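Keeping their order, the protein sequence lines are chains A and U. Under the working numbering, the first residue of the first sequence is numbered 48, with each subsequent residue one higher. Under the working numbering, the first residue of the second sequence is numbered 136, with each subsequent residue one higher.
Because the hints were derived from the structure by calculation, they are not lab data. This structure is a prediction, so every number in the text was calculated from the model and none was measured. Beta carbons are placed, not taken as given, at the ideal position from N, Cα and C, and that holds for glycine. Honestly, I wouldn't trust all of these hints.
As the list claims (entries may be wrong) - Simulated crosslink set (BS3-like; lysine-lysine; CA at most 30 Å straight-line):
#: 1; chain 1: A; residue 1: K238; chain 2: A; residue 2: K110
#: 2; chain 1: A; residue 1: K566; chain 2: U; residue 2: K413
#: 3; chain 1: A; residue 1: K60; chain 2: U; residue 2: K342
#: 4; chain 1: U; residue 1: K337; chain 2: A; residue 2: K238
#: 5; chain 1: U; residue 1: K342; chain 2: U; residue 2: K296
#: 6; chain 1: A; residue 1: K566; chain 2: U; residue 2: K149
#: 7; chain 1: A; residue 1: K543; chain 2: A; residue 2: K571
#: 8; chain 1: A; residue 1: K386; chain 2: A; residue 2: K238
#: 9; chain 1: A; residue 1: K543; chain 2: A; residue 2: K566
#: 10; chain 1: A; residue 1: K322; chain 2: A; residue 2: K537
#: 11; chain 1: U; residue 1: K413; chain 2: U; residue 2: K337
#: 12; chain 1: A; residue 1: K571; chain 2: U; residue 2: K210
#: 13; chain 1: A; residue 1: K322; chain 2: A; residue 2: K571
#: 14; chain 1: U; residue 1: K210; chain 2: U; residue 2: K296
#: 15; chain 1: A; residue 1: K543; chain 2: A; residue 2: K322
Said to hold, decoys possible - Covered stretches of chain U, going by a simulated chain A footprint (3 or more residues, C-beta under 8 Å):
#: 16; segment: 149–155
#: 17; segment: 165–179
#: 18; segment: 242–251
#: 19; segment: 270–283
#: 20; segment: 286–299
#: 21; segment: 412–421
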Amino acid sequence: MAHGPATLADGWKAYISRWVFTTNHKDIGTLYLWFSFAMFILGGAFAMIIRAELFQPGMQLIKPEFFNQMTTMHGLVMVFGAIMPAFVGLANWMIPLMIGAPDMALPRMNNLSFWILPFAFAILTSTLFMEGGGPNFGWTFYAPLSTTYAPESVNFFIFAIHIMGASSIMGSINIIATVMNMRAPGMTYMKMPLFVWTWVITAFLLVAVMPVLAGAVTMMLMDINFGTSFFNAAGGGDPVLFQHVFWFFGHPEVYIIILPAFGVVSQIIPTFSRKPLFGYSSMVYATAAIAFLSFVVWAHHMFTVGMPIAGELYFMYATMLIAVPTGVKVFNWITTMYKGSLTFETPMLFSIAFVILFTFGGFTGLMLSIAAADMQYHDTYFVVAHFHYVMVAGAVFSGTAAIYYWLPKWCGKMYNETMGQVQFWVAFIGFNIAFMPQHFLGLAGMPRRYADYGLQFADWNMVSSVGAFIYGGAQIMLLINVILTIRNGKPVADEKVWEGAEGLEWTVATPAPYHTFEKPPEVK
Amino acid sequence: MSEESTYYVPEQSKYPIAAATGFGLMAYGAATWVIDSSNPYILILGTLVMAVVMCMWWNTVITENMQGLANAQLKHSYVLGMLWFIFSEVMFFAAFFGALFYLRVIVNSWLGGDAAIGIFDDTPTDAAVANNAILWPGYEAQWPVMETPDQAANGDAAIFKGPDQAMSFPGWANIFSWLPLWNTAVLLTSSFTVHIAHTGLKNNNRKQFVTWLGITVALGLIFLVLQAEEYIEAYQHMGLTLDSGIYGTTFFMLTGFHGAHVTLGTIMLMVAFFRSLKGHFTHDDQFGFESAAWYWHFVDVVWVGLFLFVYVLD
Numbered sequence: 048m049a050h051g052p053a054t055l056a057d058g059w060k061a062y063i064s065r066w067v068f069t070t071n072h073k074d075i076g077t078l079y080l081w082f083s084f085a086m087f088i089l090g091g092a093f094a095m096i097i098r099a100e101l102f103q104p105g106m107q108l109i110k111p112e113f114f115n116q117m118t119t120m121h122g123l124v125m126v127f128g129a130i131m132p133a134f135v136g137l138a139n140w141m142i143p144l145m146i147g148a149p150d151m152a153l154p155r156m157n158n159l160s161f162w163i164l165p166f167a168f169a170i171l172t173s174t175l176f177m178e179g180g181g182p183n184f185g186w187t188f189y190a191p192l193s194t195t196y197a198p199e200s201v202n203f204f205i206f207a208i209h210i211m212g213a214s215s216i217m218g219s220i221n222i223i224a225t226v227m228n229m230r231a232p233g234m235t236y237m238k239m240p241l242f243v244w245t246w247v248i249t250a251f252l253l254v255a256v257m258p259v260l261a262g263a264v265t266m267m268l269m270d271i272n273f274g275t276s277f278f279n280a281a282g283g284g285d286p287v288l289f290q291h292v293f294w295f296f297g298h299p300e301v302y303i304i305i306l307p308a309f310g311v312v313s314q315i316i317p318t319f320s321r322k323p324l325f326g327y328s329s330m331v332y333a334t335a336a337i338a339f340l341s342f343v344v345w346a347h348h349m350f351t352v353g354m355p356i357a358g359e360l361y362f363m364y365a366t367m368l369i370a371v372p373t374g375v376k377v378f379n380w381i382t383t384m385y386k387g388s389l390t391f392e393t394p395m396l397f398s399i400a401f402v403i404l405f406t407f408g409g410f411t412g413l414m415l416s417i418a419a420a421d422m423q424y425h426d427t428y429f430v431v432a433h434f435h436y437v438m439v440a441g442a443v444f445s446g447t448a449a450i451y452y453w454l455p456k457w458c459g460k461m462y463n464e465t466m467g468q469v470q471f472w473v474a475f476i477g478f479n480i481a482f483m484p485q486h487f488l489g490l491a492g493m494p495r496r497y498a499d500y501g502l503q504f505a506d507w508n509m510v511s512s513v514g515a516f517i518y519g520g521a522q523i524m525l526l527i528n529v530i531l532t533i534r535n536g537k538p539v540a541d542e543k544v545w546e547g548a549e550g551l552e553w554t555v556a557t558p559a560p561y562h563t564f565e566k567p568p569e570v571k
Numbered sequence: 136m137s138e139e140s141t142y143y144v145p146e147q148s149k150y151p152i153a154a155a156t157g158f159g160l161m162a163y164g165a166a167t168w169v170i171d172s173s174n175p176y177i178l179i180l181g182t183l184v185m186a187v188v189m190c191m192w193w194n195t196v197i198t199e200n201m202q203g204l205a206n207a208q209l210k211h212s213y214v215l216g217m218l219w220f221i222f223s224e225v226m227f228f229a230a231f232f233g234a235l236f237y238l239r240v241i242v243n244s245w246l247g248g249d250a251a252i253g254i255f256d257d258t259p260t261d262a263a264v265a266n267n268a269i270l271w272p273g274y275e276a277q278w279p280v281m282e283t284p285d286q287a288a289n290g291d292a293a294i295f296k297g298p299d300q301a302m303s304f305p306g307w308a309n310i311f312s313w314l315p316l317w318n319t320a321v322l323l324t325s326s327f328t329v330h331i332a333h334t335g336l337k338n339n340n341r342k343q344f345v346t347w348l349g350i351t352v353a354l355g356l357i358f359l360v361l362q363a364e365e366y367i368e369a370y371q372h373m374g375l376t377l378d379s380g381i382y383g384t385t386f387f388m389l390t391g392f393h394g395a396h397v398t399l400g401t402i403m404l405m406v407a408f409f410r411s412l413k414g415h416f417t418h419d420d421q422f423g424f425e426s427a428a429w430y431w432h433f434v435d436v437v438w439v440g441l442f443l444f445v446y447v448l449d
């Protein structure tokens with residue numbers, strides 16, 4: 048294709064086949080990013096329904112059965128549909144550019160990894176329209192709620208998870224092969240940008256735990272349809288087995304979500320501090336340490352199921368240990384900013400907010416890791432507040448920062464800075480109004496996943512819902528800003544879009560040409 | 136990466152979207168089928184689409200390789216891809232082995248009202264004692280679980296009934312009529328024969344390569360026949376089925392998934408065998424065969440684990 052990628056000017060047919068048949072890492076990255084944003088809006092709509100119902104005590108808008116489906120689908124869509132594909136999209140776009148590779152190592156499989164996702168989410172979302180409704184057992188789908196007492200649509204959920212897992216495994220293998228095999232001459236491992244490092248470690252986690260999730264849903268499938276008794280004590284099984292298998296996947300999964308976010312922030316903060324990242328190698332080792340620890344702490348999600356005291360103690364101390372490498376990272380980000388010549392463009396604002404709010408979420412995590420205290424916090428809104436601080440203010444804020452940071456490189460046009468900053472403040476304030484009160488609700492004893500609540504929780508729930516709507520509105524502002532930038536943003540010609548930016552991705556033309564580094568660059 | 140041979144990036148491909156469609160149909164069809172067993176058609180359609188696309192896709196990859204489009208770097212990408220895929224398979228089995236250990240060692244003791252592992256404390260927790268006394272009175276921890284907690288507590292009204300006979304070690308007197316032992320012998324031998332074939336290929340000895348590869352395929356097929364025979368035996372004569380409590384559950388799920396992987400490995404080796412008859416593979420270009428061989432060693436190692444923890448150790 049000498050004339051470059053097909054555009055709309057080449058006709059609809061050529062344009063659609065470009066996207067459907069593409070093997071280009073930039074095209075596939077773009078597909079991932081748009082898909083994840085669509086899922087983000089869908090999952091966000093579910094969240095809005097939840098918060099609208101919780102605006103006041105009593106049941107106003109929906110039935111409790113539907114509320115349960117909303118909490119479940121919100122979690123599933125956000126985790127598997129929005130956050131994970133967003134970071135895979137960034138990986139597709141940026142890793143080949145950052146390591147000087149012509150493309151991903153296995154370009155056709157790359158396309159397959161993406162195109163499985165629309166099918167998986169079509170199947171998952173279609174369950175909402177089935178008899179008996181969609182999955183209603185929470186995104187953690189504990190047995191026996193998800194087996195003995197599940198609606199029939201659980202079977203569709205199981206196979207949707209299966210093919211999402213296959214997509215993730217293929218995507219991760221591709222990233223590992225790319226990083227191990229496609230680096231430009233001179234690009235040694237310890238010269239790789241931190242985003243590449245965090246992603247290759249994330250990919251390792253994915254290859255290790257997605258098969259375990261497949262095992263968990265397979266056991267469910269067999270228990271539901273073929274008479275096995277994995278999760279049924281009558282036959283000699285144990286429902287708690289489900290929780291162990293699930294969280295052996297689930298805990299690394301939360302690091303799968305946050306490690307690429309660490310990588311993004313580690314790219315942005317040095318750029319706008321105009322200083323190299325402080326403690327590069329300690330950042331790499333800290334990431335690896337977090338990844339390792341994530342495999343040995345899973346049962347801290349299960350302190351209240353009746354584990355022996357030795358188990359409780361072990362999982363408590365092992366969990367607290369994670370604070371050490373995480374602290375190293377926070378220290379390094381702050382030290383990078385120290386005495387730097389800082390400017391506060393939108394990506395930097397989101398990154399600084401990330402550092403502050405993620406640290407806050409980390410501290411509430413530390414509170415939850417105390418087994419004795421967790422007896423009180425378990426399954427309350429305190430937990431909901433905690434993981435939204437790390438998932439939203441962590442992963443989503445860093446994803447937003449990444450969009451603003453790399454958008455000019457991708458499309459050669461600058462976003463509207465004023466609008467970006469306004470969006471940041473709306474998102475930041477809306478987020479905190481939405482989730483800070485949930486800490487108070489949880490400490491006061493409000494359980495999570497309930498459609499109704501006692502009157503004593505009414506005030507903070509109303510505040511939280513208002514904040515959630517503000518935060519939701521901020522996402523529409525992001526969408527508008529991105530579309531306006533692509534359509535008629537101010538053109539940028541400079542290869543180095545940001546003054547302080549370092550790395551190979553800033554040596555290629557702006558906008559990044561369809562094919563880059565067909566001849567590998569020399570890295571000194 | 137040398138400059139004269141650039142990394143081959145195909146411009147576009149129709150295979151991935153076709154494969155994704157087949158995969159989506161398979162997922163949707165499988166769910167439809169487990170709910171309504173009279174409707175396997177979507178599943179069959181999806182599987183057919185998938186099978187056809189996979190054949191065409193790999194055919195293209197082989198053709199590209201024969202045309203010399205794949206340079207050393209691309210071949211290394213394939214090697215990495217296969218090795219990490221095998222690692223993901225290891226983790227899939229790890230989930231089931233982990234479940235087996237947890238069920239055998241911990242859950243079983245608790246259901247029987249005992250302490251799980253006596254490292255820290257030999258006295259059972261109050262919860263375990265109450266669990267046994269109130270929910271499953273009369274159940275005693277045992278492996279294989281011949282009488283389920285359900286049977287112990289509810290007698291003939293039980294839904295989950297244990298097997299009449301387990302597949303474990305039958306004692307030295309009957310050792311030669313014990314199928315799993317023969318299966319072990321067959322599979323371990325096949326790992327050696329595939330290695331001999333590999334050595335033959337490396338030394339440019341095609342006759343040795345093709346012959347021993349053929350023998351390996353035959354051994355794989357023998358294993359599958361023996362396993363089918365074992366399953367028939369279990370269902371017809373031993374009362375050992377998928378729904379006979381936790382022993383039947385773990386036995387059939389672990390050996391069944393292993394058998395499925397042996398089937399896949401045999402197909403891969405068969406493809407390699409037919410390619411070898413057509414003169415494919417040389418001592419320095421053998422990824423298609425090598426990846427099948429690695430996969431074969433992997434299913435072999437899994438079997439050793441199965442043999443020890445599912446069959447031998449009581």
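Do the hints match the structure? See the list:
1. A:K238 to A:K110: violated, 55 Å
2. A:K566 to U:K413: Judged against 30 Å, a Cα distance of about 36 Å means the pair is violated.
3. A:K60 to U:K342: violated, 52 Å
4. U:K337 to A:K238: violated, 37 Å
5. U:K342 to U:K296: Status violated; Cα separation ~54 Å.
6. A:K566 to U:K149: With a Cα-Cα distance of about 27 Å, the restraint between A:K566 and U:K149 holds, given a limit of 30 Å.
7. A:K543 to A:K571: holds, 19 Å
8. A:K386 to A:K238: Judged against 30 Å, a Cα distance of about 24 Å means the pair holds.
9. A:K543 to A:K566: holds, 20 Å
10. A:K322 to A:K537: holds, 27 Å
11. U:K413 to U:K337: Measuring from Cα to Cα gives roughly 17 Å; hence the hint holds.
12. A:K571 to U:K210: Distance ~27 Å between A:K571 and U:K210 Cα, so the pair holds.
13. A:K322 to A:K571: Status holds; Cα separation ~19 Å.
14. U:K210 to U:K296: violated, 52 Å
15. A:K543 to A:K322: Distance of about 15 Å is within 30 Å: holds.
16. 149–155: holds (count 6)
17. 165–179: Coverage by chain A holds here, the residue count being 4 at a Cβ distance below 8 Å.
18. 242–251: Holds, because 5 residues of the segment 242–251 of chain U bring their Cβ atoms closer than 8 Å to Cβ atoms of chain A.
19. 270–283: holds (count 4)
20. 286–299: Satisfied; 3 residues make the cut.
21. 412–421: With 0 residues in contact (Cβ-Cβ under 8 Å with chain A), the coverage given for the segment 412–421 of chain U is violated.
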